[in-house]
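Chains as they are written, first to last, in this note's numbering: chain A, 1 to 446; chain B, 1 to 459.
Don't take every hint at face value.
Straight-line alpha carbon distances no greater than 20 angstroms define the calculated EDC-like cross-link-like pairs of lysine to aspartate or glutamate that follow [stated by the list, open to error]: (1) A:K140 <-> B:D57; (2) A:K148 <-> B:D346; (3) B:K86 <-> A:D296; (4) A:K360 <-> A:D318; (5) A:K148 <-> B:D143; (6) A:K140 <-> B:E118; (7) A:K140 <-> B:E144; (8) B:K82 <-> B:D194; (9) A:K148 <-> B:D75; (10) B:K86 <-> B:D57; (11) B:K18 <-> A:E11; (12) B:K86 <-> B:D194; (13) B:K18 <-> B:E289; (14) B:K89 <-> A:E11; (15) B:K18 <-> A:D6.
Since the hints were made in silico from the structure, they are not lab data.
Being a predicted model, the structure only gives us computed values, none of them experimental.
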Amino acid sequence: MNARADRSPSERVVVTGMGWVTPLGHDLETVWSALMRGASGMAPITRFDARTFPTTFAAEVKNFDVTPLLQDPASHRNAGINSQFALGAASQAWRQAELATKSPRNPRRVGIYLGAGEGVIDTPNYLSANLRAWNAETGKTDGVRWAKIGHELMNAAREIEQEPNMPLAHIAKEFGARGPAYNCLTACAASTQAIGEASSILRGGEADVMIAGGAHTMIHVLGVTGFNRLTALSTSTGDPSKASCPFDLGRGGFVMGEGAGMVILETLEHAQSRGAKPLAELIGFGSSADSYRITDIEPTGRGAAAAMLQALAQAGIDPHGRRSDGRPLVDYISAHGTGTKENDSIETLAVKRVFGDLAKEIPMSSVKSMLGHLIAAAGAVEFITCVMAIHRGMLPPTINYTTPDPQCDLDYVANTPRAAKVQTCLSNSFGFGGQNDTVCVTAFDE
Amino acid sequence: MGYPAPPMSTRAESAQSKRRVIITGNGPVSGFGVGMEPLWKGLCAGESAIRPITSFDPSGFISTAAAMVTPEQLDIRTIVPKNYRKATKVMARDIEIAVAAAASAVHSARLTTRGTAEGVTPTIAPQRVGCHIGAGLIPADSDELASAMLSCRDAQGGFDPGEWGRTGMANLTPLWLLKYLPNMLACHVTIIHDCQGPSNTLTCAEASGGLSIGESMRVIRRGDADACLSGGAESKVNYMGLLRQTFAHRLAPVPTGADGCAAVRPFDDAAQGTVLGEGGGILITEAFESAHARGAHAIAELVGFAARQCSCIDTVGVDLCGADEDIACAIEAALHDGAVRADEIDAIVPFGSGIPNVDAAEAKALRAIFGDRTSTIPLITLAPQIGICGAGTSALSVSVAAQCLLMQQLPARLSTVSSAQLQVDAVARSSRHHALGTILVTTTGMGGQSVALVLRRMT
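Based on the provided sequences and hints, a complete structural model is requested.
So, in structure tokens, the structure goes:
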């Protein structure tokens, strides 16, 4: 990979459009102003009756209807909720990039790389089929009975929509994209990885434009069950809006969110050729594996640090360097910052491992304190917050920060947004199971 | 079709500027067993691993046969290092297959890793080893879920979420979710073999394995790793897998007692659908120069790769009618990536599922690229022997293509009686020696992601 300074316009990757569907709104401005107010998207779960569950609240997307955003609603009438989120976010991004009017050169050079999660299980029917097919005498499921009940209760569209490549298929249909197409699912790191690999595809000359991002919801019976059993979710019984408190001493797990984030990435050469306005430039991407344990994060932060260092190296940024005015070369880190004991202290350690003494001078916040954890979609949404921070000169806060943790001793932009000159940001995402991804984005400068 | 190809001189330059990627280890898992030896023996002998499903009573489903990996063939506890045996309790079937394939690939490449010898210096520095493994949607084990829910029935015998929240969910093991996350295939493999480089999990149905190998090529070419464990694995031989494939009209009818192998007839005039298999493949993909420096045995070179999204009339890519242009575009781009001319292709491993609309789109795409030669290029159709193995499918295709190049031999083909309508070389015949320099692998999965790879013989 060429160092950043040597890159030609066909090797430079710019962001020309962004969109998101989140628990705090469904368009760039609404969500950004909510983040600037330090608002919280958490409330009691409405998708199912969770009153007896260890966790009874989440950050749900509210009042979202994708239909008005679609060019061709009929093609998406069976879209599952995650595909709807994906279409909503991608439509905004496509519009901002003016791709409808300033068309791409060739639809076969418009690709898609998503980190979208699986669709929502047809819970009542699926669970009923399993229950009713149980044979008490053998203590096993009766296969013949299961097949009969399964065919009766479940339906084709709903089942096919659960395949993780369906948001990708819907987006391809809506925008006529026929270039390289991928969906990855590396748990909570997925959409950061998607954005990173999409940039690699553009640099390699395999496409001119990539629609990249993620969509996910796990706010359903088995999703909440799975994370409750892992004791990864906050089980706070107090005010749900206070439950997500990354980096705080009292943090007790993450809060589930849902939604989608999508960006349009393209080569600078292609953006210029169609007269599109670059919003920012993606200059670095790093990916690593902890190779430690499926349940725990590598305790020294080795894997997380490796992803950050690789992204910085690709960006041509010395983590220990300073600008002529003395500021560090990185102005802001969008933390993975889930609010679990382990993640936040190890991420802090990893940032210190990368930046050394400079770490304390680099503000790092977690919008998961406000939006919850959008799982596979989290990285894309957080990438967009970085670009917004660059444009607005404002850093989103980590809300609910009241009691410092000696193990988390960096600047977390506590509770209120902060005005700052923001040129270059890192966005971190670390998946359950140890897949780590970091992207580096900077203000666009010809 | 597509965008105009650059002139040959540019092609050669673009190919030269990329790091070369070769295959140095080959670890397939199929209904014939773990490793290349049983697979190659079965393929060449013209045997089929498709049998009646025995792990449950399948008689309520349209298809009662599959190519399954038996417990005798794959005992996961004997495959993982001793200190990792406890973790096998949280491995779904798909994860077991991937872990077994990885062990076989590492063994085949004669690599030393943490998984082969704890405490010994690994052959390749862990930071330089990546891992890309395609995976499917893994359904929860029905027995496990149902037995946890028994106390949570409402008055009608249906599911009562209130009781589930109070008492039922505690019946599930705390790590329950981790058995079923698709990225756990790669996570277990990276932990066992200490791969600390870039790692990804691609979930694009049957294209996943090929896309993962392509992603490894991209990662190695850009210099972020020197070697990768690359491939995919899946088993859809379970209730939800069979039901979803039935809903997608992909399965050939195989009533109880019928011959499953004969039911899957790739490119046949009377094809009716496919039969499922359990399996996958992991390859060791490696930068040519570092592999050469360590004296690695080169099995084949991966010279070209491309991916495309098909335009799908039904949005979801179950019906691929009209997708031939995009499949052809992927093939054309892979040939271009490898600076290979269409007339250099000596054999093709197609998806060849026996699903009529998919076979037709694939055959039409081949004709667009290869013209009249299409009817004489040997197709290597694996479905009648090992079934269609979900996310493992295209990884197994690459695995077999590499072996064909190494052995200069075509495996036997089964089942197809006449391919007069689609005019491809797919009719059943026995294995034979054949000069093979370059092989094309192509797969288009449900959802419309199409992948093409070009492999070349190492000389």
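| query | Which of the numbered hints are not met once you compare them with the structure shown? | reply | Failing hints, ascending: 2, 6, 9, 10 and 14.
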